[in-house]
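Number of protein chains: 2
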Amino acid sequence: MKTLTSGEIAKYCDVNLRTVIRWIDSGRLKGYKLPGGGNNRVKEEDFLAFLQDNELPIPADFQSKETRVLIVDDELQVAKAISRVTTRAGFKSVIATDPFMAGALLTSFKPQLMTLDLSMPGVNGYDIVKFARHDYDDKSLKILIISALGEEQRQQALDLGADMSLPKPFSNKELLNTIESLLVK
Amino acid sequence: MKTLTSGEIAKYCDVNLRTVIRWIDSGRLKGYKLPGGGNNRVKEEDFLAFLQDNELPIPADFQSKETRVLIVDDELQVAKAISRVTTRAGFKSVIATDPFMAGALLTSFKPQLMTLDLSMPGVNGYDIVKFARHDYDDKSLKILIISALGEEQRQQALDLGADMSLPKPFSNKELLNTIESLLVK
DNA sequence: ACCATTTATGACTAAAATGACAAATAGGAC
DNA sequence: GTCCTATTTGTCATTTTAGTCATAAATGGT
Chain A
12 MKTLTSGEIA
22 KYCDVNLRTV
32 IRWIDSGRLK
42 GYKLPGGGNN
52 RVKEEDFLAF
62 LQDNELPIPA
72 DFQSKETRVL
82 IVDDELQVAK
92 AISRVTTRAG
102 FKSVIATDPF
112 MAGALLTSFK
122 PQLMTLDLSM
132 PGVNGYDIVK
142 FARHDYDDKS
152 LKILIISALG
162 EEQRQQALDL
172 GADMSLPKPF
182 SNKELLNTIE
192 SLLVK
Chain B
12 MKTLTSGEIA
22 KYCDVNLRTV
32 IRWIDSGRLK
42 GYKLPGGGNN
52 RVKEEDFLAF
62 LQDNELPIPA
72 DFQSKETRVL
82 IVDDELQVAK
92 AISRVTTRAG
102 FKSVIATDPF
112 MAGALLTSFK
122 PQLMTLDLSM
132 PGVNGYDIVK
142 FARHDYDDKS
152 LKILIISALG
162 EEQRQQALDL
172 GADMSLPKPF
182 SNKELLNTIE
192 SLLVK
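Protein chains in written order, with the numbering used here: chain A, 12 to 196; chain B, 12 to 196.
Worth flagging that the hints you see were computed from the coordinates, not collected in a lab.
There's no promise every hint is true.
No distinction is drawn between identical chains; accordingly, a pair holds when it is met within one copy or between any pair of copies.
[To be verified] Quick list of in silico lysine-lysine cross-link-like pairs, DSS-like style, CA-CA up to 27 Å:
hint	residue 1	residue 2
1	153	41
2	153	184
3	41	91
4	91	141
Given the structure is predicted, the values throughout are model-derived calculations rather than measurements.
Construct the entire structure; sequences and hints are all you get.
What follows is the structure, encoded as structure tokens:
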């Protein structure tokens, strides 16, 4: 859990330290005091809530950083190829070559986009889509199906909640266009 | 009885180690010194009391009282049998029947104990142990291998970082004893 | 016994809290 | 616009608390 000092907040808000302390004392900004002699600390989440409530500009440090992409493909070559494209496009990319890693990275890395190979041995890609849509809390996650399987199978994944599908093989340009169309905000 | 070092407390409170030592020296935070050269230890209960007394935020690790158990087994019957035992013993139990769920639940449910079936089709249990020990941040996670495979395979998992192993089939009593021995604080 | 990591300590520097007071700002009334 | 007033914010000096650094010691693991 990250916390901020009154001085840090003063810099972020471009106000005097004295003012921040008064905000905290008056309860406008939620904080707590260290045992020592009462130095203030504010939880990052409370600070962000404070900024939002008062419609203050959000400092760059707290802007949601780079867009994250999780690449799920058991063929490392393919995964790396995708990763090159996404990384070059400015996304932070992580590769999962087995379903366990995929699950672990989905809930810890929290990507905005997941590319998913449907035809992984021993894995049911449909179940992954189902999980992401039913048991996973970030509904804004974009799922891009990448598969050598036929149109029918890819459509089935879309029906389950995937956002788009791309047949293998694909060109880098196709891939990039598809991803960027999914990630427009 | 679980104890904390000054460094751990520093991290939990997001404060410098030096400051924690001063809190202890001044008596604000109750602790005791090891015989060696005076390294500090603080009882978990004293730390929690300290947090409460000073209205400090309680770290996530100390939030939920209940101990969480993740059961990874593709055979739902077996998983449910384990779940019955752990639930009855007072643990909060969750079942993952495929590796993707297992990964997702490990990093979101954040169990203190994971039971792991080595012989799941299409999944390499060893990779899961490796992931948990190398790429997962909670090193205090206990891993209990449950497998019908031979002693040798189970030993291999232990070598990779699992904490204990139990051959299939097992009695409820064996299971419970093993789990509780892993979770003693 | 050895090593890497963590912790303790003192001295010092940096940062924060506080009160009193000055300056700036916002909103009304004219 | 000007004047007035209430509220908020900034400044300053001082005291207290927290962080940094270097070094020595202890701890944990192999």
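Discussion item. At most 27 Å between CA atoms: does that hold for residue 153 and residue 41 within a copy, between copies, both, or neither?
Written reply: For residue 153 and residue 41, the Cα distance exceeds 27 Å both inside one copy (29 Å) and across copies (37 Å).
Practice prompt. Give the relationship of residue 41 and residue 91 under a CA distance limit of 27 Å: within one copy only, between copies only, both, or neither.
Written response: neither (43 Å within a copy, 44 Å between copies)
Worksheet item: How would you classify residue 91 and residue 141 at a CA-CA limit of 27 Å: within, between, both, or neither?
Response: Answer is both: 25 Å inside a copy and 22 Å across each meet the 27 Å cutoff.
Fill in: Intra- versus inter-subunit Cα pairing at 27 Å for residue 153 with residue 184
So residue 153 and residue 184 pass the 27 Å test inside one copy only (19 Å; across, 45 Å).
When each numbered hint is compared with the structure, violations occur for hints 1, 3.
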